[in-house]
Every structure is written in structure tokens, then in C-alpha cells.
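A.B. asks: Chain residues, written in single-letter form:
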Amino acid sequence: MTIQFGNPDRPNSYIGKTVPRPNAKRLVQGRGIYVDDIVLPRLVHVAFVRSPFAHAKINGIDAAEALNVKGVLRVFSGADIAKVCTPWVAVLAHLKGLKSPPEYPIAVDRACWVGEPVAAVVATSRAAAEDGAALIDVDYEPLAAVTEMMTALDADTPVLHADMGDNLAFQRLHEQGDVDAALKSAHKVISARFVTGRHTGVTLEPRSILVDWNPAEEQMTAYHATQAPHMIQTALAKHLDLPEGRVRVICEDVGGSYGIKVHVYPDEVATAAIAKIMGRPVKFVADRLESFTSDIHARDHEIEAKIAVQEDGTIVAMDVDDWTAIGAYSVYPRTSAIEGNQVVNLCGGPYNFKHYRAKTTVVFQNKTPTCQYRAVGHPIAVAITEGLVDMAAAEIGMDPVEIRRRNMFRDDAYPATSPANMRFEGLSHHASLNKLLELMDYDGLRAEQAELRKQGIHRGIGIASFIELTNPSPFMYGIGGARISAQDGCTVRMDPDGSIVALSGVTEQGQGTEAMLSQVVAEGVGVPPSRVRVITGDTQVTPYGGGTWASRGAGIGGEAALQAARALRDSILEVAAAMLQSEQSKLDIRDGAVVDSATGEARMPLEELGRIVYFRGDTLPKGLPRELVQTRHYITSDYPFAFTNGVQASYLEVDTDTGIVKLLKHWCVEDCGRVINPQLVDEQIRGGIVQGLGGALFEEIHYDADGQLLNGSMADYLVPMAAEMPDMIIGHVETPTQESVLGAKGAGEAGTAGSPAAVMNAINDALRPMGAQVTEMPFTPERILRALGALKD
Amino acid sequence: MTGLFRDKVDIALTVNGEPVEARVPAGQHLVDFLRASLGLTGAHASCEHGVCGACTVQVDGKAVRGCLMLAAQADGAEVWTVEGLSDTAEINDLQEAFVERNALQCGFCTPGMLIAVKELLAGGGVPSRAEIREHLSGNYCRCTGYEAIVDAVETVARARAERGAA
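Taken in sequence, the protein lines are chains R and B.
When we follow the working numbering, the leftmost residue of the first sequence carries the number 578, and every step to the right adds one.
When we follow the working numbering, the leftmost residue of the second sequence carries the number 2, and every step to the right adds one.
If you are wondering where the hints come from, they were derived from the structure by calculation, not from laboratory data.
Any given hint could be a false lead.
Unchecked claim - Part of the chain B face toward chain R, derived, beta carbon under 8 angstroms: (1) Gly43; (2) Cys48; (3) His50; (4) Cys144; (5) Gly146; (6) Glu148.
Every residue, glycine too, gets a C-beta built ideally from N, C-alpha and C.
Build out the structure end to end from the sequences listed, making use of the hints.
C.D. replies: Below you can see the structure in the form of C-alpha cells.
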């Protein structure tokens, strides 16, 4: 199978072009169907009573008053739900030593974080359920809470889960070369402590699920805002003791996800359990406070790190000691050890050096569980790496661009293996950096910066190179025992009128998955994208697959779609050859018609072929295959992960009187392999950058020493809004992966991976003449003023 | 219940140009009334305290947070939602520009965003990018990073100004 991607004038050349998203028109008219928009007959609503304590024994639950509220139907305790639903343990075999206790949908006798569900109130309206929840009287006995990450393993810190023995969930040490010797003999060793703030996804659509149990059919249907319908199907079936085939997960429009909606949440499983007990549909939609206390958090890391360089800027060693606190439980089924593991895997990623040591220590504490959130681990690893590289450059008096050039893997050095043992098939660090410098006019900006500095205006330029892990094979989850598919499938069929339907296991949360699939299938078959209808997000309908996460939609789902589309094309042409008494190899499909491939002369529209196959099959030769439905699956096999690379730059101004950072402009050059839809890729990168900017400047979940959440509203937890965000220039270098025909690697997380580091380096570039430096995110005005010595208390 | 403290309130209003009469719970927010009672699910509830803008609807010509206004307060009001504004084609150019520029991803913020933009552009003229950003600073979008939205608004403002001048 060959497609001349290099020739933009080839027939059906939709791959590589901006084509409209089939679902966008619907969404701008308010015709989206999000879970909360769905109403079923006999629908009831559930609200959860949540622990106000970080750690407390539950001695009893008095529901009498709640049951008197008009509309309240039932109240469920943890023990009630445990009768129909088994607990889960979120560990993976390949993350050696990872431990976590059994977790129940509703706490049974002990609550372990502020926001953990302790009871459920079901009523005829959400309002009545909330009124009832407010009247549930829980007899709590507060217990000592573990809230400090760095003392979690100290002997005098209470053990959160007695059965676990200590508060250590997971630890991994990776060591390559002789780090101690390299540190000793290097020209300079620079050390720094980095902190990334615990933050969360703040999806505009809160987590939502509507579950219906039909006892007559013994079928459970869950309408769910999720990225991974098949994974959820498995989890519900397993813990509610149902055959997988009797659980159908339907995922219509999803109002933002970013990794938040790829996990199994206790309250959502409880909703399914309640539907099964009550035999009627139950809806749960989190309110905003619930989102802050029960959506996964992420990025709660403290890191001590060192870099060793020679006089000429050569990096000889990196030494990283990463700590992360994951809350009270490892999150099911992907686990909460992955983020720390990624930090170990990704630090130093762009650079070719020999001696590398990284350790991650993952501890339990009485806070909301953390887990995978957009660009898992990358923003942390990139901040550590790029922060150290900039500090080293400053120490030896070298330009930050030059030190990177001297150490990045050469563009012709692939295949290559990093000191963390990550295998790279083909990256383009130098080409990407060159393109970035050109786009931003680096020298011009430096001159402007110097000129403004004379006027007391403190601007900074920050650069951050990065690698990004995409397209995971079963090495990510499957080998550890999780039933999370790394393979994905697509079924493509032609209906009698010549229209094409594609059913895919990857899902849409706004990225443009369905547009991407429509243009891949359109090109693969030979029809306009408008003639392709894409169906995703229904476990009873689509091929089995993993869904959309780890930037796998285009790389895995897109390739399956292309293979299926090409197979359908072959089937159509086999029939056409028989009808036209021609050779199959002399025919092609272009713009929805069978044509002579040499001359392009139209031979037969697809609807005529459809009419014959479906209604006058008697006129075709007996025994002629006429399978106008084809399914193909795709899985990567040569590399455990694909890697993309890129480089970002931030230009900003620091007001040294107020500590306020004004973002002036941002650039990103990304190599995501083959670009399928330039506009969608650019917008993924822009959105990702801004999500990273949130973590760099604004977003931080605050707890007090008792584990009480202090900022559980959007008035208190700041997110990026339009007024503070810069315009962003996006460029591309394309190094398609050789593993697939399509060559796509994924673009959903690159923006988030690199932008916090670029901003950190830019702020420090602005502050450096004043001898100040910040390494603790988010870089609030207060932290900047403290770094400047303007705030001392 | 006394007249001063009723838990149900009778209201009469127009929604998307159609008369509506209803008896609503006194504590029900306008957005919940529109969504649950009238099936107008275009406006979305999200932060539920007026910060994110997802529930923005038009009440008596102004962009209003549907989560900060009670349904009972809409008695006698003229309410427009994205569904009605789509039917009248009043914001058709904006919607097309949003689609063309991919100024939406998940679409959850978009109905509220469109109504906020409608208000901005009602004043006429071509606002600067900074003014567009400032006007939309109460509408949270987690997907796009805002630039595409600013581009789409700028495009429509220019096109309208040109049409007005022609």
C-alpha cells in the first residue's frame, strides 16, 4: 500500500489538509449531547455525601432526616454498595513493588481524603438529592492525617494504611553509567530544587455518568463522559459481577477531558452499582466543588536535581531525586506510579549524555488521589531538564541555544537510545530548534531585550526542548495486567448509496478525532470527507479499542482507519473490475467514483456499484467476493512507544514591583510525524500550551496542614483566561514514524509538556541580572517577589 | 406558605421568541430551568458560581449568567439561548467563523462564548484583540487556548464593519 504523501496534487489528497470537523457545526448550535443532556424514563439522580475530614473513622451514618426530604428515595452507605460491588486494587505488575490498598466505591469504615464519598443519596431531582445529602448525619472520628510529602516516610509520621506497613507506594531507581564519578570530575555541577504545584484538569463539563440497568435484558448501559469506553466496560463488568458483553458504554459528546476522564472513579462506579440495585437509570454529574475534591489531581512533585557540565558545555551527567505524593490510593486501573515513572524515563530526554541517575519516591498522603493528566510527567521532567540546562549555560557563560545545540542528539543519530533507556526511532531536535529561532527572530528579540533592560524593563526569553511519549504499546499498561487495549480497530463500510461509515475504537473529546478519521478514511477509500460518517464511543458498536489518551488517536486509531479504508477500496475495486470487465489494478476510486487509474476517466459512480451489490447481486459472477465492510486493527510493535520532539519559546515581561508576569508571545515547533490536519494539530498544540501555562503561572491546589482543601472553586483556583494568554506561533518539522503507513505520532500533549519550562526559563532569564531565580511552580507574584528579596516575611 | 416565602413561583416569559408559563421552584436557577424544564440544553452548567461563563444566555438584551439568576427572576423577561439565536440565524456569521477557524474543541463553552461575543459585537466597530480578550475574560475555555476564538471574533467584526460600510 503506498500513498504519495509528498505529492499534494495526488487524487483524494485529504491527509495533510485542513478539512472541516464534522461535529463542529452541531456544537456551535448548542446541539451537542453531553451526559447531563440525556434524560431517560424513570431517571433518578444521585448526590454524594463527602468526607469533610482528611482522615476519619466512620462510626455510623444516620439517614433518617434525609429520607424525610420530599423526593429522596434511597440512601446508600459504603457497606450497602459493597454488597454488589467488589473493591479494586490499583497496581501493575511491571511497576515492581507498587502497592495500594483495596478501594471501595463508597468509603466503608474510614475516609481518607476530603471529598471521598461516604454516602449516596438518590432522589427524583439533583436538588432534592443535594438537600437530602446535607441532612445525612455521619458520626466521624477524626484520625491523624498525613499531609507532608517529604516527611511521609519518617518514623514518627502515622502510617495511612496500616496493612501497607508504611506510606511508600512505589520507588524506582534508574542508574546508567557512573554518576558519582562524573559529578566529581566535571567542570561545573549545578544543583537546584524544583517544585511543581499539585493541580487538576478543571474540565468545563464536570465528570458525568448516567447508568441504566435493565433487569429484563440483564444489560447495563452507561452513558459516560470518558476517553476509554472499553476500559470502563471492563471495570464495571468486573466489579459489578457482570459479563463484559452485558455492559455497554456509550460516550457521546465530552466536554473536555485532558486525562481527567480516563480513570475509574469511585462515585461513578457507585452510580452504576446503585442503578443495578434500583433497576432504573441513575445520573451523577459532579458539581464544581466535587470536581476539585474528587477529580484526579496531578503534578505534586518536589525534586532535587543536579547537572554536570564541562567547560565547553558538554553535559556529562544528570542526577534527579523526584518525590511525589499521590493521595490516599493509587488510581484504578492505570495507577498513580506512572507519573513519577515518567519523570525517571523522560529527564534529559533531548540530550546525548552518558551518566544518568533518577529516582522517584511515591508516597501516600490524605489528599485527593493523583493520576495521569495531560502530558503525564512531561512538564515535570522538561522543567527539571531545561531548568538545569539553562542554569548550566548561565554558569559557564554560554548562550542557552548554544548549550542545547552542543548536546542534543544529532538529527542523523537515529535510531538512538537515551540514558533512561528510551528508544528513539527518529527525532529532529536541531531542525526544530533552527526553525524556532527563525520564527521568533531570536537575535532580534535578544537585542530588544537588551535595549529595554536599559530602560528598566525586564523581559525574558526562555527555551525548552522536549521529547514526548506517544502511541504506547502494551508495555505501558497491558504487560502489567491492566485490561487497557494498546491496539485499536476500525470498521469501514460502504452503503448502497455509496456513502461510507467508519466505526472506530478511538474517541472524540473535542480534539477533532472524528475529523481526522473522516479524512483518513476519505483518502483511503477515495471519496470526499463529507461522504464519510464517523461513529465512535459505543462499546456495542465499534471495534474494541483503547480510546483516546497518550496522544494515540491519530497514530493508532488513524492507522487502523487507513488500513480498513484501503481494504474496503480493494473490495470495491474487485467488484468494479468484474462489473466493468477490467483489471482491478487499472481502476482507482476518486471523488466517489470508480475511474480508470491511468486517465482518470469516470467509469462508474459508487452508488451504482452499491445498487448492484445490494439489490442486483444476481447480476454479478457467482462466488465473486462482495464484502463492502472491512475491519482492520493496528498495534505498534517495533518500539514500546513512539516519541515526538519539539521546542518551545516564551517571551515575557516581569514587573519587578508587583511580581506579575505578562506573557508577550509563545512559539512552538513540534515534530509529531505526519500532520494529518494542520489546523487541528496547531489548535491541539495551542490548547496544550495554555494548559501548561496554567500550571506555570496560576494553578495550584492548596491544602492546610490538616489536609483541608482550601481552594475548591473557580474563584479561588485560577485557570488561564483569555485576557492573560498570549498569541502563539506554531511550526512543524515532520519526521513520520516508519512503523505505520500513515506515519502520525500524536500531537495532543506536546504543548503542555514544554510550556511550563519555557516560561520558567524566561522568567529566570528576566530575573538573572538581579540575581534572582524561581523554580517553584506556579510562579505567582508572591514567589517572584520573594525571589527578588522584595518580600521577606 | 405565605406570599413572602413561597417555594414555588409562577412565571411568564418569552424564551427564544415563544411564550412560556411555568411554576418553578423558588431556588431554581435560570440555567436549570432552561435545561431541565424546556429542554434547551445548549447552555451548560459548570462552575455554578458565575466564573466560567458556560451558562451564559441573553436576558433582555444582555449576556447573563444562567447560574447566578433565578428562574423566578426571569418573570416578564425576554430570554434567548443559543438554540433560538441559531434558528433566527442572528449569530450565523459567528457560528460559521467559529467552525472555520476551529475556535471550539469540546464545544462545552461555545454557546456561552457565542452569546458573550454577540454582546461585544453588538456595539459595532472592530474591537482590538486585547479588547476581545478582555470581554471574553469571564468565559473559560480549557481546550483552545483562546487564540482561535479571538481570531474568529476579529474576522466577524471586520466582516460586519465592511458590510456596514458598503
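A.B. asks: Which earlier hints turn out false for this structure, listed by number in ascending order?
C.D. replies: Violated: none.
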